[in-house]
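Engineer: So the chains spell out like this:
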Amino acid sequence: RKEVEQDPGPFNVPEGATVAFNCTYSNSASQSFFWYRQDCRKEPKLLMSVYSSGNEDGRFTAQLNRASQYISLLIRDSKLSDSATYLCVVNLSGGGADGLTFGKGTHLIIQP
Amino acid sequence: EPEVTQTPSHQVTQMGQEVILRCVPISNHLYFYWYRQILGQKVEFLVSFYNNEISEKSEIFDDQFSVERPDGSNFTLKIRSTKLEDSAMYFCASSATGGNQPQHFGDGTRLSIL
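First to last, the sequence lines map onto chains A and B. Under the working numbering, think of the first position of the first sequence as 1, with each following residue one higher. Under the working numbering, think of the first position of the second sequence as 1, with each following residue one higher.
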């Protein structure tokens, strides 16, 4: 069965700390990987795509380990506004118009 | 920044009634999608649409569901005879191309079946 697995948390982290999440995916042929964030009762919003070589966007760093089939997200110098649910999202089939498979999300709470 | 827009934001419908959810994808995007999220659960793929036809659909997308692109801008999801378990948040998404391109989501329609 094709799945994306995440630790649901919650992660309670003090402001300014560094926090990391992992996620695993089931299909080794998967080609596209993303992190989205979702605020309560809102739509998923793209945080960043995840590339094979790893990529960084400001305080956020994403990495992909194809051999172990996991993706990570690192948030440095966390802000109160980073509190949200972080969704690991994979195109498991690798096809052109395929739907995305979402993890259940990791709930992050940044505490002042 | 271009957005995916969805209407209505909240739809309340009696069980057994038909409902149509509407979406306007980002204008230069070619791939369109519907997802749903039952309260407290993960986002689930329903259907993808490209070149005026369904490209892929999930097990959830049974004969009660249909999609249509009636003109150059709208993309609709119809549920023919709603059930209580259809109550969920329905998200429309679009992407410029398929595959490795990220999908951009609308702010959703909350569907409540009574």
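If you're looking for bench data, these hints aren't it; they were derived computationally from the structure. Certain hints may be false.
[Said to hold, decoys possible] The following label-pair restraints were derived from C-beta to C-beta distances: (1) Q14(B) x N65(A): 43 to 51 Å; (2) L74(A) x R110(B): 30 to 38 Å; (3) G58(A) x S73(B): 28 to 36 Å; (4) R110(B) x K79(A): 46 to 54 Å; (5) S112(B) x R76(A): 20 to 28 Å; (6) R76(A) x S66(B): 27 to 35 Å; (7) Q69(A) x E68(B): 31 to 39 Å; (8) N65(A) x G72(B): 41 to 49 Å; (9) L30(B) x E5(A): 41 to 49 Å; (10) Q69(A) x L30(B): 26 to 34 Å; (11) R76(A) x G16(B): 50 to 58 Å; (12) T7(B) x A20(A): 24 to 32 Å; (13) R41(A) x Q17(B): 39 to 47 Å.
[Said to hold, decoys possible] Below, computed lysine-lysine pairings styled on DSBU-like, alpha-carbon distance capped at 30 Å: (14) K78(B) x K42(A); (15) K57(B) x K79(A); (16) K42(B) x K79(A); (17) K45(A) x K104(A); (18) K104(A) x K83(B); (19) K42(A) x K104(A); (20) K104(A) x K42(B); (21) K78(B) x K104(A); (22) K45(A) x K79(A); (23) K79(A) x K83(B); (24) K78(B) x K79(A); (25) K83(B) x K57(B); (26) K42(B) x K45(A); (27) K78(B) x K45(A); (28) K57(B) x K104(A); (29) K83(B) x K42(A); (30) K42(A) x K57(B).
Where is the CB? At the ideal position from N, CA and C, for every residue including glycine.
Engineer: It remains to establish, for every hint, whether it holds in the given structure.
Structural biologist: Cross-check of the supplied hints:
1. Q14(B) x N65(A): 43 to 51 Å: Between Q14(B) and N65(A), where Cβ atoms are some 49 Å apart, the hint holds.
2. L74(A) x R110(B): 30 to 38 Å: holds, 33 Å
3. G58(A) x S73(B): 28 to 36 Å: holds, 34 Å
4. R110(B) x K79(A): 46 to 54 Å: Violated, at about 29 Å.
5. S112(B) x R76(A): 20 to 28 Å: violated, 40 Å
6. R76(A) x S66(B): 27 to 35 Å: The hint (27 to 35 Å, Cβ to Cβ) is violated, given that R76(A) and S66(B) are roughly 46 Å apart.
7. Q69(A) x E68(B): 31 to 39 Å: holds, 37 Å
8. N65(A) x G72(B): 41 to 49 Å: Cβ of N65(A) to Cβ of G72(B): about 42 Å, so the range 41 to 49 Å holds.
9. L30(B) x E5(A): 41 to 49 Å: For E5(A) against L30(B), whose Cβ atoms are near 31 Å apart, the range 41 to 49 Å is violated.
10. Q69(A) x L30(B): 26 to 34 Å: holds, 30 Å
11. R76(A) x G16(B): 50 to 58 Å: holds, 52 Å
12. T7(B) x A20(A): 24 to 32 Å: Check failed, 39 Å falls outside 24 to 32 Å.
13. R41(A) x Q17(B): 39 to 47 Å: violated, 24 Å
14. K78(B) x K42(A): holds, 22 Å
15. K57(B) x K79(A): violated, 39 Å
16. K42(B) x K79(A): This hinted pair holds, its Cα atoms lying about 25 Å apart.
17. K45(A) x K104(A): Distance ~15 Å between K45(A) and K104(A) Cα, so the pair holds.
18. K104(A) x K83(B): holds, 24 Å
19. K42(A) x K104(A): Within the cut-off at roughly 15 Å; holds.
20. K104(A) x K42(B): This hinted pair holds, its Cα atoms lying about 5 Å apart.
21. K78(B) x K104(A): This hinted pair holds, its Cα atoms lying about 26 Å apart.
22. K45(A) x K79(A): Holds, because 17 Å separates the two Cα atoms, which is no more than 30 Å.
23. K79(A) x K83(B): Distance ~42 Å between K79(A) and K83(B) Cα, so the pair is violated.
24. K78(B) x K79(A): violated, 41 Å
25. K83(B) x K57(B): holds, 19 Å
26. K42(B) x K45(A): holds, 14 Å
27. K78(B) x K45(A): Judged against 30 Å, a Cα distance of about 25 Å means the pair holds.
28. K57(B) x K104(A): Holds - the C-alpha atoms of K104(A) and K57(B) are around 20 Å apart, at most 30 Å.
29. K83(B) x K42(A): Holds, at about 23 Å.
30. K42(A) x K57(B): holds, 24 Å
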